[in-house]
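Build out the structure end to end from the sequences listed, making use of the hints.
Sequence order for the protein chains is A and B.
Throughout the first sequence, residue numbering follows the numbering used here, covering 1 to 617 in sequence.
Throughout the second sequence, residue numbering follows the numbering used here, covering 1 to 617 in sequence.
Because the hints were derived from the structure by calculation, they are not lab data.
Treat each hint with caution, since some may be false.
[Said to hold, decoys possible] Which stretches of chain A does chain B cover? Using the computed rule of at least three CB atoms under 8 Å from a CB of chain B, they are:
id : segment
1  : 308-322
2  : 457-465
3  : 520-534
[What the hints assert, rightly or not] Mimicking EDC-like on lysine to aspartate or glutamate, the simulated pairs with C-alpha atoms at most 16 Å apart in a straight line are:
id : chain 1 : residue 1 : chain 2 : residue 2
4  : A       : 135       : A       : 96
5  : B       : 503       : A       : 563
6  : B       : 502       : A       : 555
7  : B       : 32        : B       : 104
8  : A       : 502       : B       : 563
9  : B       : 502       : B       : 17
10 : A       : 93        : A       : 41
11 : A       : 502       : A       : 555
12 : A       : 416       : A       : 373
13 : B       : 503       : B       : 563
14 : B       : 140       : B       : 104
15 : A       : 503       : B       : 17
Note that the Cβ used here is the ideal one computed from N, Cα and C, for glycine as well.
Number of protein chains: 2
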Amino acid sequence: MSQLTNPHLNQVVNQHEQDAKDLTRTLPASRKVYVQGSRADIRVPFREISLTDTPTGLAQDGVEKNPPILVYDTSGVYTDPDVQIDLNQGLPKLREQWIVERDDTEILDGLTSAFGKARLNDIRTQGIRFAHISKPRRAKQGKNVTQLHYAKQGIITPEMEYIAIRENGRQADGVDLRQHQGQNFGAKMVREITPEFVRQEVASGRAIIPSNINHPESEPMIIGRNFLVKINANIGNSALGSSIDEEVAKMTWATRWGADTIMDLSTGKNIHETREWIIRNSPVPIGTVPIYQALEKVGGVAEDLTWEIFKDTLIEQAEQGVDYFTIHAGVLLRYVPMTANRLTGIVSRGGSIMAQWCLAHHKENFLYEHFDEICEIAKAYDVAFSLGDGLRPGSIQDANDEAQFSELITLGELTKRAWEHDVQVMIEGPGHVPMHMIKENMEMQLTHCHEAPFYTLGPLTTDIAPGYDHITSAIGAAMIGWYGTAMLCYVTPKEHLGLPNKKDVKDGIITYKIAAHAADLAKGHPLAQVRDNALSKARFEFRWEDQFNLALDPDTARAMHDETMPKEAHKSAHFCSMCGPKFCSMKITQNVREYAKGMDEMKEKFKEEGSRLYRAI
Amino acid sequence: MSQLTNPHLNQVVNQHEQDAKDLTRTLPASRKVYVQGSRADIRVPFREISLTDTPTGLAQDGVEKNPPILVYDTSGVYTDPDVQIDLNQGLPKLREQWIVERDDTEILDGLTSAFGKARLNDIRTQGIRFAHISKPRRAKQGKNVTQLHYAKQGIITPEMEYIAIRENGRQADGVDLRQHQGQNFGAKMVREITPEFVRQEVASGRAIIPSNINHPESEPMIIGRNFLVKINANIGNSALGSSIDEEVAKMTWATRWGADTIMDLSTGKNIHETREWIIRNSPVPIGTVPIYQALEKVGGVAEDLTWEIFKDTLIEQAEQGVDYFTIHAGVLLRYVPMTANRLTGIVSRGGSIMAQWCLAHHKENFLYEHFDEICEIAKAYDVAFSLGDGLRPGSIQDANDEAQFSELITLGELTKRAWEHDVQVMIEGPGHVPMHMIKENMEMQLTHCHEAPFYTLGPLTTDIAPGYDHITSAIGAAMIGWYGTAMLCYVTPKEHLGLPNKKDVKDGIITYKIAAHAADLAKGHPLAQVRDNALSKARFEFRWEDQFNLALDPDTARAMHDETMPKEAHKSAHFCSMCGPKFCSMKITQNVREYAKGMDEMKEKFKEEGSRLYRAI
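Below is the structure:
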């Protein structure tokens with residue numbers, strides 16, 4: 001079949017070629033740098049953006065040097081030209097040695113989950129299976145391998161030190177941030193984040209480090225309101241489409257643009273195999289909603305779910321390396337009728353699965369009933385919990401209602417139960433909430449959930465803009481991030497409408513990087529404003545290339561500039577398309593400076609003359 | 001030249017064909033309706049969105065009727081199929097009779113501005129000139145024709161009644177809005193807006209009705225914090241490009257999507273003629289920054305500006321029908337050096353023109369010095385002021401600084417001076433402001449500017465996302481709208497990078513409609529939530545078409561849905577692409593309702609049995 005006669009095939013081939021290029025491309029003027037910690041294998045990655053000089057005509061060589069800017073880098077070794085990338089091999093196991101050294105885990109002979117074993121022995125999965133599946137690791141009998149457990153023992157793990165370096169960057173030195181103090185609603189914005197501070201935050205439950213011992217490839221990161229606000233990107237196939245390749249490409253694409261964690265929400269075919277590929281190649285923690293897969297195992301019939309099937313799913317996923325589980329254990333039978341008079345009922349998928357189960361059996365939620373057993377599994381692998389808000393509002397009308405807050409109180413109770421097991425916990429939040437009701441969500445969460453990190457979807461601040469819900473929700477996300485939410489779950493433009501493609505994923509990520517960064521600025525994170533200042537200085541000085549390179553999305557910034565002024569020379573032009581070459585407000589400001597300098601000199605002169613005059617008397 | 005050999009020409013022709021189609025296209029399931037006021041010529045336009053029935057299987061005919069939704073409509077008669085549209089003729093003069101009846105104006109023999117006359121007599125402008133220029137109207141000697149003047153006299157003008165109907169809509173009747181009470185920071189959210197309430201708000205200076213007597217084509221609207229939050233879209237050519245046709249097309253395009261006012265910021269060729277075309281065809285008020293054109297008249301050299309040239313420009317534009325002028329009269333000489341140590345100096349174009357002028361002459365800003373004369377002109381035509389924030393911050397670092405707030409205090413002084421002339425005033429606000437510093441802007445503005453309406457550009461909540469500044473700024477805009485800002489000036493994705501094209505204009509508008517609507521919801525505007533509820537109900541009931549049609553941008557919502565589920569049948573499918581056909585959270589909620597109903601019936605039964613039991617005793 002010729003290329004011309006099969007445009008669809010062409011499209012697929014082109015997409016694969018593009019994905020391959022995107023995989024290891026580095027952003028312009030950027031290089032991967034590492035900051036080393038107390039031991040050789042603590043090497044914390046940053047992206048260094050180099051800047052051009054500012055011509056001054058004043059300094060010795062007529063230029064002012066602009067120091068390079070370091071930015072937090074979630075892209076993994078894909079952007080390190082020194083590392084050979086092979087998706088079939090998976091990423092290097094960065095944390096393996098640290099895990100081994102703790103000597104509290106053992107390598108099992110094989111998978112212990114029945115489903116995992118079945119898939120491994122299923123000849124039909126051979127063609128799609130990741131080729132180098134390791135034997136799973138698990139806590140030794142009686143051991144607890146969570147970062148929370150270590151933190152409570154006073155142990156600073158390499159993960160914690162790594163995070164301290166990562167959150168600090170190097171820019172703290174000598175940066176003048178006149179207005180770095182934000183309004184942080186009780187968050188602790190410390191000038192320098194130490195490994196001990198990280199430990200304390202984890203020990204108190206205010207922060208979590210999702211780090212399954214079976215995902216040693218992941219680069220340690222922290223979720224807590226005294227750290228940089230993080231964002232999560234959802235990927236995953238559905239019954240209607242998408243292949244393993246595409247999901248891996250979405251994951252690397254999302255982390256390239258700044259996703260701090262990835263949730264694999266697959267509900268389609270080959271969920272187990274898809275997840276293996278994603279985890280083995282993911283530099284960031286992976287979250288899942290195990291009930292989705294459990295539901296697939298019972299043919300999509302919620303009432304057929306059993307604790308045994310769910311438990312096996314947890315073990316299956318824990319042994320693959322899932323770093324956090326969304327568990328909808330707060331959807332209690334007695335809360336379900338509270339949603340009956342809602343405009344939009346129960347819109348959480350997990351929430352409605354559990355509600356359906358509870359109603360069908362007229363029994364209490366089996367996740368709630370078996371919660372301690374779930375904790376036992378979690379602490380054997382260090383899987384963190386993301387306690388799901390199954391009763392979150394699906395419309396402005398349903399925001400902050402009895403059902404939502406009743407569940408939240410139960411999530412607080414479960415938080416304490418998880419902490420008794422030293423299992424790390426964060427709490428999921430809504431949803432659709434008008435602006436004036438957002439703060440109450442944060443306050444209720446802090447109160448009822450004992451300061452466990454909050455992890456919210458948006459919230460969307462209006463229902464009337466399908467197609468633009470990345471924006472309706474970024475407004476709410478920025479605000480709730482400022483108020484103290486630790487991680488923001490992105491929303492793509494396709495929310496409510498369809499499955500996001502690569503462009504939608506990127507739009508969602510960039511939009512949420514904006515929201516998270518705006519929140520960091522407003523909270524007064526000591527380092528947040530460094531990049532704003534560098535970009536604004538570049539803008540003011542017409543260093544166009546620097547402005548593009550410092551942008552969250554250099555490609556789009558450059559492309560938009562090209563649309564109006566495509567010529568290369570314009571990239572150093574001292575004017576922009578908005579005002580044209582004749583008049584420029586930025587140019588005038590140069591005059592203001594000279595004038596103000598003149599005034600200062602006049603003052604100095606007057607002073608001098610005055611004092612001379614005085615002396616003459 | 002064949003079509004194939006000149007792709008650029010093709011592109012231009014295609015663009016014109018598309019513009020022509022866009023001009024009168026009506027949105028899906030929508031029709032123009034009018035609500036009549038106390039007289040036959042007060043006919044207030046709305047867009048009525050009709051909805052499909054909800055199948056229930058319960059009611060008589062098995063359906064629940066969903067009443068049509070009325071939405072505020074800025075698109076003018078372009079979307080009224082009963083009106084013949086001819087851009088060469090301009091729009092019908094809706095307000096002419098009202099103006100005539102007041103009997104306080106006269107029609108002049110011709111233009112009185114020297115420049116206006118020169119352009120009219122310039123043979124070279126003949127080909128681009130609007131063909132039906134009316135003789136200008138002006139207040140009779142000693143008369144004041146501003147809406148503020150009438151309001152202070154206790155007169156309710158037809159414009160005020162029109163606005164009362166427009167702001168109310170018809171939906172107030174019988175709509176249950178459980179949570180309509182927002183948190184409005186002192187704004188008055190009345191249940192029904194009466195003409196008398198409109199008059200009071202205008203009389204107090206808390207609201208303005210931009211309505212030049214020479215722009216009788218415009219449909220009355222109001223800007224004030226006790227009304228719906230409005231948005232402005234900037235258009236205008238520059239030295240680098242764009243034709244008159246394109247600017248008119250941008251104007252009709254922007255109002256089609258919801259721009260409440262348009263600012264024509266042209267700085268390129270034929271500014272005078274471009275403006276005439278725009279005004280004659282604009283159903284919304286037009287604002288300008290007259291100093292831009294004045295600067296063009298002196299060849300772009302700021303220091304060559306004179307009061308005489310500026311004055312003639314004001315008259316020229318007032319006689320064409322400009323509804324509001326941005327006047328940078330607050331950039332005082334003594335404030336200019338306050339910007340010297342800023343990261344990004346003076347970024348307002350008008351601000352830097354005046355700063356440059358002040359410095360060059362070492363004289364006080366001539367707009368400030370001649371402010372009373374400016375008021376005399378404004379009140380003879382009812383041109384409102386938008387007092388410009390020439391010293392607004394251009395970066396996060398420069399937010400809320402001495403220069404900015406010093407100017408704001410002067411704007412407050414000028415507000416009082418304008419009010420002495422009964423000239424309507426609003427105040428322009430920043431710019432780049434991190435979230436935690438936004439509220440202070442609103443509070444300072446209310447205090448220093450005596451509650452005159454605030455009109456802000458964004459603000460942008462971070463500097464690091466060029467290419468996405470519609471989003472960085474929508475976050476700030478939604479918040480400041482909630483706090484009390486009356487009108488939000490849109491920002492397009494091209495901000496800082498280039499001239500917006502049609503797509504950028506639409507992206508900016510929709511994003512700002514979101515911000516304004518989110519603010520209306522948060523403030524508790526009585527009608528705001530009606531559309532959210534209708535859309536959420538449609539979503540919950542899988543009425544896909546209704547969901548698209550109720551969206552701010554039905555085209556994009558539908559197109560995105562088509563990407564994943566293109567088949568027509570899917571538009572009525574009781575599932576969506578996210579979860580697939582097997583499992584659906586919305587479906588489950590139906591079960592919850594039946595269960596809850598069952599529980600209620602059980603309770604009723606118990607009660608009944610209980611009481612029977614009681615009676616039996």
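Here's how the hints hold up against the structure:
Beta-carbon proximity to chain B at under 8 Å applies to 0 residues in the segment 308-322 of chain A; the threshold of 3 is not reached and the given coverage is violated. A count of 5 residues in the segment 457-465 of chain A with a Cβ less than 8 Å from any Cβ of chain B is obtained; the coverage claim is therefore met, three being the minimum. Note: the segment 520-534 of chain A has 8 residues with beta-carbon separation from chain B under 8 Å; the three-residue rule is met and the coverage holds. For the hint linking residue 135/A to residue 96/A, the alpha-carbon distance of about 13 Å falls within 16 Å, and the restraint holds.
Proposed proximity of residue 503/B and residue 563/A is supported: the alpha carbons are some 13 Å apart, at most 16 Å. For the hint pairing residue 502/B with residue 555/A, the CA-to-CA distance comes to about 21 Å; that exceeds 16 Å, so the pair is violated. A C-alpha spacing of about 33 Å is found between residue 32/B and residue 104/B, which places the hinted pair above 16 Å, so the restraint is violated. Annotation: proposed proximity of residue 502/A to residue 563/B holds, straight-line Cα distance about 13 Å (limit 16 Å).
Note on residue 502/B and residue 17/B: the hinted pairing holds, with a Cα-Cα distance of about 14 Å set against a maximum of 16 Å. As the CA atoms of residue 93/A and residue 41/A are separated by approximately 11 Å, the hinted pair is consistent with the 16 Å bound. Of the supplied pair hints, the one linking residue 502/A and residue 555/A holds, its CA atoms being roughly 15 Å apart against a limit of 16 Å. A distance of roughly 15 Å separates the Cα atoms of residue 416/A and residue 373/A; the hinted pair therefore holds under the 16 Å criterion.
Annotation: proposed proximity of residue 503/B to residue 563/B is violated, straight-line Cα distance about 19 Å (limit 16 Å). Note on residue 140/B and residue 104/B: the hinted pairing holds, with a Cα-Cα distance of about 6 Å set against a maximum of 16 Å. Of the supplied pair hints, the one linking residue 503/A and residue 17/B is violated, its CA atoms being roughly 29 Å apart against a limit of 16 Å.
Violated hints, listed in ascending order, are 1, 6, 7, 13 and 15; each of the other numbered hints is respected by the structure.
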